[in-house]
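Undergrad: Residues per chain, in single letters:
Protein chains: 2
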Amino acid sequence: MKPESRKQEIINAASILFTEKGYSAVTMRDLAKAMGIKAASLYNHIQSKQEILSTIIIDLAEEFTTGMNQIINSDVGSIQKLENIISLHVDVTLRNADGLGSLNSDWMHLEEENLIYFEKMRHDYEENFRNIVKKGVEKGEIKPYNIEIMVFSTLSTLRTLYLWYPNQKNIDSDILKRDMISVLLKGVV
Amino acid sequence: MKPESRKQEIINAASILFTEKGYSAVTMRDLAKAMGIKAASLYNHIQSKQEILSTIIIDLAEEFTTGMNQIINSDVGSIQKLENIISLHVDVTLRNADGLGSLNSDWMHLEEENLIYFEKMRHDYEENFRNIVKKGVEKGEIKPYNIEIMVFSTLSTLRTLYLWYPNQKNIDSDILKRDMISVLLKGVV
Chain F
1 MKPESRKQEI INAASILFTE KGYSAVTMRD LAKAMGIKAA SLYNHIQSKQ
51 EILSTIIIDL AEEFTTGMNQ IINSDVGSIQ KLENIISLHV DVTLRNADGL
101 GSLNSDWMHL EEENLIYFEK MRHDYEENFR NIVKKGVEKG EIKPYNIEIM
151 VFSTLSTLRT LYLWYPNQKN IDSDILKRDM ISVLLKGVV
Chain S
1 MKPESRKQEI INAASILFTE KGYSAVTMRD LAKAMGIKAA SLYNHIQSKQ
51 EILSTIIIDL AEEFTTGMNQ IINSDVGSIQ KLENIISLHV DVTLRNADGL
101 GSLNSDWMHL EEENLIYFEK MRHDYEENFR NIVKKGVEKG EIKPYNIEIM
151 VFSTLSTLRT LYLWYPNQKN IDSDILKRDM ISVLLKGVV
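Protein chains in written order, with full-length UniProt numbering: chain F, 1 to 189; chain S, 1 to 189.
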């Protein structure tokens with residue numbers, strides 16, 4: 001097995017453990033035990049628990065940042081931009097719900113430089129989202145409700161998707177994406 | 001000061017401390033210190049930290065249960081029922097955001113009997129919500145999207161309102177209620 005994929009295995013196993021017990025409660029020994037290897041072997045691939053956490057969270061935050069930048073710079077209307085943001089959240093949730101659990105519960109355990117970098121990415125993401133909604137309202141594509149209420153209402157649902165969807169055995173991912181876009185953009189009545 | 005209002009003061013101070021530090025990290029000594037009184041004085045009004053937690057959470061859960069029962073049994077259409085549910089969440093959030101913080105973060109620290117009672121109330125609440133949406137779809141008042149997606153999308157926003165709204169200095173409570181109803185029911189486009 002290549003070193004890269006072994007590191008990825010460690011990160012995946014850690015995501016699950018962090019989600020179950022919380023970052024602070026998990027030791028490198030727990031992680032080794034969960035993977036059926038010796039703790040010392042872990043250090044051939046990663047330096048510390050903090051390195052694992054920052055890899056999980058920063059990778060995800062960069063994925064959202066890259067996705068948002070593509071959406072912001074794309075030559076489509078505001079409604080299509082919102083649809084693409086919802087798709088982005090659904091796709092990341094489908095691929096890495098455990099990682100999103102770590103991001104949401106444990107981002108505050110990132111150390112100095114990574115914490116500042118993460119908080120900047122999160123701030124810029126929200127600001128870009130807000131600007132898409134604002135511009136949509138100005139152009140008459142989005143209804144003139146309070147901007148903050150629209151941003152909160154949408155993001156609060158997208159950000160908790162990772163907690164809810166893994167327990168929904170009867171909802172196909174295509175239906176999830178289609179109906180989530182309809183419900184969030186067009187409402188239920 | 002009457003004994004009832006002194007007990008309520010203790011509960012309010014505890015709600016704030018639990019939200020800041022988490023239930024497990026707060027001691028009766030911390031609570032007494034925050035109130036500027038001796039720890040022994042607290043025991044004239046309440047028996048334990050667990051009594052405070054269960055008072056906060058069970059009171060709130062019963063408030064939601066009573067509200068939901070009135071809505072379920074009222075003689076209005078499905079859309080009006082959903083509007084009334086959103087109003088209920090906004091009203092409780094405006095009155096007791098700190099208590100909702102304890103409910104959301106610390107319900108799992110309730111002890112046996114209260115834990116079972118709380119989980120039953122939460123389950124019944126969601127089931128009632130689901131039935132309102134289902135009946136609305138059957139009657140053609142609510143769009144025929146996936147029921148679980150509609151329930152999750154609405155509840156995930158209403159349940160995190162307590163985290164977001166206290167920081168929104170520029171949104172009047174009337175606007176909050178009016179626009180939240182519009183955004184959740186009719187969408188943003």
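Simulated from the structure, these hints should not be mistaken for laboratory data.
Some hints could be false.
Identical copies carry no separate label here, and so any pair may be met within one copy or between two of them.
What the hints assert, rightly or not - Below, computed lysine-lysine pairings styled on DSS-like, alpha-carbon distance capped at 27 Å:
#1 38 with 177
#2 177 with 49
#3 186 with 33
#4 135 with 7
#5 177 with 21
#6 49 with 169
#7 21 with 38
#8 33 with 120
#9 49 with 135
#10 186 with 139
#11 139 with 7
#12 33 with 21
#13 21 with 139
#14 134 with 7
#15 186 with 21
#16 38 with 7
#17 143 with 33
#18 134 with 38
#19 33 with 134
Bear in mind that the values here come from a model prediction, so they are computed numbers and not experimental data.
Undergrad: Checking each numbered hint in turn, tell me which of them this model violates, lowest number first.
TA: 1, 2, 3, 4, 5, 6, 8, 9, 11, 13, 14, 15, 17, 18 and 19
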